[in-house]
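Participant: Residue numbers (the numbering used here), protein chains in the order written: chain A, 1 to 305; chain B, 1 to 303; chain C, 1 to 341.
It should be emphasised that the hints constitute simulated quantities derived from the structure, not laboratory data. Note that CB positions come from ideal geometry on N, CA and C, so glycine has one too. Hints should not be assumed to be uniformly reliable.
Said to hold, decoys possible - Which residues of chain C face chain A? A few of them, derived with a C-beta cut under 7 angstroms, are:
1. R91
2. R94
3. N96
4. V100
5. F102
6. T107
7. A125
8. H159
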Amino acid sequence: MGSYVLKRMIVAFAVAVAVSIISFALLRMSGDLATILAGDGATAEDVAAIAHAHGLDRPFAVQYVDWLVNVLKGDLGKSLFTAEPTMDMILAAAPVTFQLSLYSLILALVVSVPLGVAAAANPNSWIDRFSLFVAVSGKAIPSFWLALLMIYWLGVQWRLLPISGAGSWKNLVMPVVVMAVSVMPQLMRLTRSGMLDTLESQYIRMAWAKGLAPRTVFFKHALRNAILPVVSVSAISLGFMLGGSVVVETIFAINGIGALAYKSIIRIDFPVVQAILFFLSFIYILLTLAADLINMWLDPRIRVK
Amino acid sequence: MTMPERPPSSEDMAEIMPLSPARQALLQARGHVGLLVGLFVLLVVMVSAIFAPIVAPHDPYVQEIATKLSPPVWQEGGDWAHILGTDGLGRDILSRLIYGARVTLIAGVGAAIISGIIGTIIGMCGGYFGGRVDDFVVFLINVKLAMPGILIALSLVSIFGGSLVTITLILGLLFWDRFAVVARTTTQQLSKRDFITAAEVAGASSRWILMREMLPNLMNQIIVVASLEMALAILVEATLSFLGLGIQPPTPSWGLMISEGRTLMFAKPYLIMIPGIAIFALVVAINLIGDGLRDITSPEGKG
Amino acid sequence: MPTTTQKRPLLEVRNLSTRIGASHGTITVGRDISYELNPGETLAIVGESGSGKSVNTMALVGLQPKRATVTADKLAFEGRDLLTLPRDQMRTIRGNEISVIFQDPMTSLNPVLTVGEQLIEVYLAHGLGTRAEAEERAIYLLERVGMRNAAARMRQYPHQLSGGLRQRVVIAIAMMCKPKLIIADEPTTALDVTVQALILSLLRELQDEFKMALILITHDFGVVASIADRVLVLYAGGVVESGPAKDVIANPAHPYTSGLLNCIPRMEDDDRGQPLNTIPGMVPSLAGNLHGCLFRNRCALAEPACASDPIPEVAVGAGRMARCIHADAILAETRAQEGGQ
Numbered sequence: 001m002g003s004y005v006l007k008r009m010i011v012a013f014a015v016a017v018a019v020s021i022i023s024f025a026l027l028r029m030s031g032d033l034a035t036i037l038a039g040d041g042a043t044a045e046d047v048a049a050i051a052h053a054h055g056l057d058r059p060f061a062v063q064y065v066d067w068l069v070n071v072l073k074g075d076l077g078k079s080l081f082t083a084e085p086t087m088d089m090i091l092a093a094a095p096v097t098f099q100l101s102l103y104s105l106i107l108a109l110v111v112s113v114p115l116g117v118a119a120a121a122n123p124n125s126w127i128d129r130f131s132l133f134v135a136v137s138g139k140a141i142p143s144f145w146l147a148l149l150m151i152y153w154l155g156v157q158w159r160l161l162p163i164s165g166a167g168s169w170k171n172l173v174m175p176v177v178v179m180a181v182s183v184m185p186q187l188m189r190l191t192r193s194g195m196l197d198t199l200e201s202q203y204i205r206m207a208w209a210k211g212l213a214p215r216t217v218f219f220k221h222a223l224r225n226a227i228l229p230v231v232s233v234s235a236i237s238l239g240f241m242l243g244g245s246v247v248v249e250t251i252f253a254i255n256g257i258g259a260l261a262y263k264s265i266i267r268i269d270f271p272v273v274q275a276i277l278f279f280l281s282f283i284y285i286l287l288t289l290a291a292d293l294i295n296m297w298l299d300p301r302i303r304v305k
Numbered sequence: 001m002t003m004p005e006r007p008p009s010s011e012d013m014a015e016i017m018p019l020s021p022a023r024q025a026l027l028q029a030r031g032h033v034g035l036l037v038g039l040f041v042l043l044v045v046m047v048s049a050i051f052a053p054i055v056a057p058h059d060p061y062v063q064e065i066a067t068k069l070s071p072p073v074w075q076e077g078g079d080w081a082h083i084l085g086t087d088g089l090g091r092d093i094l095s096r097l098i099y100g101a102r103v104t105l106i107a108g109v110g111a112a113i114i115s116g117i118i119g120t121i122i123g124m125c126g127g128y129f130g131g132r133v134d135d136f137v138v139f140l141i142n143v144k145l146a147m148p149g150i151l152i153a154l155s156l157v158s159i160f161g162g163s164l165v166t167i168t169l170i171l172g173l174l175f176w177d178r179f180a181v182v183a184r185t186t187t188q189q190l191s192k193r194d195f196i197t198a199a200e201v202a203g204a205s206s207r208w209i210l211m212r213e214m215l216p217n218l219m220n221q222i223i224v225v226a227s228l229e230m231a232l233a234i235l236v237e238a239t240l241s242f243l244g245l246g247i248q249p250p251t252p253s254w255g256l257m258i259s260e261g262r263t264l265m266f267a268k269p270y271l272i273m274i275p276g277i278a279i280f281a282l283v284v285a286i287n288l289i290g291d292g293l294r295d296i297t298s299p300e301g302k303g
Numbered sequence: 001m002p003t004t005t006q007k008r009p010l011l012e013v014r015n016l017s018t019r020i021g022a023s024h025g026t027i028t029v030g031r032d033i034s035y036e037l038n039p040g041e042t043l044a045i046v047g048e049s050g051s052g053k054s055v056n057t058m059a060l061v062g063l064q065p066k067r068a069t070v071t072a073d074k075l076a077f078e079g080r081d082l083l084t085l086p087r088d089q090m091r092t093i094r095g096n097e098i099s100v101i102f103q104d105p106m107t108s109l110n111p112v113l114t115v116g117e118q119l120i121e122v123y124l125a126h127g128l129g130t131r132a133e134a135e136e137r138a139i140y141l142l143e144r145v146g147m148r149n150a151a152a153r154m155r156q157y158p159h160q161l162s163g164g165l166r167q168r169v170v171i172a173i174a175m176m177c178k179p180k181l182i183i184a185d186e187p188t189t190a191l192d193v194t195v196q197a198l199i200l201s202l203l204r205e206l207q208d209e210f211k212m213a214l215i216l217i218t219h220d221f222g223v224v225a226s227i228a229d230r231v232l233v234l235y236a237g238g239v240v241e242s243g244p245a246k247d248v249i250a251n252p253a254h255p256y257t258s259g260l261l262n263c264i265p266r267m268e269d270d271d272r273g274q275p276l277n278t279i280p281g282m283v284p285s286l287a288g289n290l291h292g293c294l295f296r297n298r299c300a301l302a303e304p305a306c307a308s309d310p311i312p313e314v315a316v317g318a319g320r321m322a323r324c325i326h327a328d329a330i331l332a333e334t335r336a337q338e339g340g341q
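Pulled out of the complex, with its shape left as it was, chain A reads as follows (with noise of 0.2 angstroms):
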């Protein structure tokens, strides 16, 4: 067990270096940050003197390794704009986007969970076909026009929630409903076909064959089986959705991780939309180590050797 966990950190790590050095050729890619940043009009000798001044002139490698130095030492870089150290930027941002999907995640789980598990119990009932109905829409909802029409009827329509702004549990209403909605679909299909296969089980016949309450084979033997996949997709989810804030954090002016990357990818804030893309990923190789663990917790086929 100890080698595993072992095996796994170093796979994480691994992944971790390559999505930095791919992250930072990405944002490199097209050769000319310089030009880009030095913007229309720029003279040859402006556009030199700007990549000069961010060491964009020097050999790609020389640049990550100069920058993989600097992580390691805890220096993320410093805003192009505001000189602000992008390690602080991030952490003033952070909180409320991990709030946000921790909301969203608790949301999703509560509905979709139990949806999939009445949905799996009876096959083709009305509550199969709504928590098909459920998943299809939810699957084919645009994030961004969700929230507007949230916006239009509970906020401006019927007056139920502000609109915008932060301090009240009413303002997260709206930015958690709409990024729950955007993980529930699999969440909850994801639940319902892991039951689906667990109750087919031979121990699920057996534990009938005992002469259980529904309730004790449903929860105690079917459901500890089936949510293990749930679980890794869970930490999945929460990952996409720190990506994926941008869209809410735009619409519902939320300064949080996604705001911030929104406002430093539209004016090329190369450093922080690194560090951001850097941090995000780091945080998601977390969420997956973690994931595996509570995995390795629940499942003592892969706990005890």
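Following the hints, complete the assembly by docking chains B and C onto the known chain A.
Facilitator: Frame of chain A; chains B and C shown alone:
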């Protein structure tokens, strides 16, 4: 000599009433309401996109300030000249929707094809060669999954500019992972089958086996994934355009139409409703097709 | 039909039928199956795969597949009608008065729960005592089924046990509530040959010790010979022959039974190279209306009369019956062979 544990499956039924697989698929397709509805909607959108100049009642770029913000025909003040109304610049919404379908479909189909080719090749190599190659493929997939897709797409568009071609390419490069996962596992399963072993024994080259033996057998699943990825690509294209880092005005794109209508949405909600419904309906349709194809091609498939 | 005893039988089954609804029509997987079982008795239900031996027996405790409909003129366990019993009352019987042992021990145990938990929960579910008592009984039973370090085993997970040990755990689970009847569905098929014999003798021992009745579902007449008092041979969902195990094995009265008997590899004919005998042909489709003897397409003795309906039950001795128009002739022939040897 054991009793089947489960009740007779559809395969047992097939034994009782033999039907050719193709005929059975056709029969099932005919009975699959979701698939039929999806195909119908997609067909309507495709036909109007292809024949846009004929179908569209107006030029999508022409601004008629005199008739700007004319509501759709079913609302008060609506006019049959502009069935779905006009936008803030007096452009005909139906026409923009029809031309926008071209953008949407090109981005969706293009991205699905590009990512399909990349992902399938990567996945097949991993599944077929195994060992180190497979470790590397799994590593690549993990790296891909760890990158925040939307932010990378936004960054790249902001660097390269938002033309339809760059956006399609970027989406294509971003969504190959699911193809790779499916191609890899299916190839792994197929590798153990007799016909592959036979081809190997007969001395066929890896390339020949992958292209001639594996690929045709993967096609069912690849097409299912492609339809689901196409739906995703359409959503992401709309999102990018909505955020202003996608298709650039005045090109009609559904996401852009919503973005443009946003400032007036409280007074004129139809400006965001109509393109939103279009995106929603098309994506639902494509997902229904994907789910339907999966149901038909793999009777065991659930969820 | 077996002769009636003075005591009321533990289980009475009369004309049990099972149908499975399918999109192309109904499939009858069980047709007018009747038998009785006395306390402490062992009945073997024998047939090939697809004979319906499992489905129809599991139907006793309501464990038939979801799409199956079960009907019977009588289905009584200690006088209680199992067919009309409300679900929650059926639950108090399942696992408690009637236990089930499934075929594959590798998949019968829940992978995420400890062995101990899986033993204890059935005891607690039926309200037989406290957790401590349940644990005590669980440990006692694990020891009784031949596991060393029972207390340590309780904390282990199924994947840590071999197939043979898992089947012992499954048997212990079945015994937790002191059932009056155990239904064992091919309990040894998935195990290796050496382990098979051990598990069978364990079952036999436990059965004697705890005075349980046993219904053993099997395709293997070797198993029948070693454990069963009486035997019921099923073919295509219907009973073709029944009677005391010894008599049926010695002198089968139905061509199908003698076919099955010829399939047992005999130790004494040491013809290693000779392939195992099998009955040629396949079980017919059970869809739609069926008539006549369903074995006729595989039977060497088939004649036009075999297609007429219904084939009568022929009483062929004490407590014996066979559903074949040639039953008496076959019996006379097998007896003559026996006499001649």
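Participant: It remains to establish, for every hint, whether it holds in the given structure.
Facilitator: We went through each hint and held it up to the structure:
1. Of the supplied interface hints, the one on R91/C holds, with its beta-carbon coming within about 5 angstroms of a beta-carbon of chain A, less than 7 angstroms.
2. The interface hint given for R94/C holds, since its Cβ lies 4 angstroms from the closest Cβ of chain A, which is under the 7 angstroms cut-off.
3. Interface restraint check: N96/C against chain A, minimum CB-CB distance 6 angstroms, threshold 7 angstroms, status holds.
4. Interface restraint check: V100/C against chain A, minimum CB-CB distance 4 angstroms, threshold 7 angstroms, status holds.
5. Evaluation of the F102/C hint against chain A yields a held restraint, the C-beta minimum of about 6 angstroms falling below 7 angstroms.
6. Using the Cβ-Cβ criterion of 7 angstroms, the hint placing T107/C at the interface with chain A is satisfied: the shortest such distance is roughly 4 angstroms.
7. Below 7 angstroms, beta-carbon pairs count as interface contacts, and A125/C has one with chain A at about 5 angstroms; its hint therefore holds.
8. Below 7 angstroms, beta-carbon pairs count as interface contacts, and H159/C has one with chain A at about 5 angstroms; its hint therefore holds.
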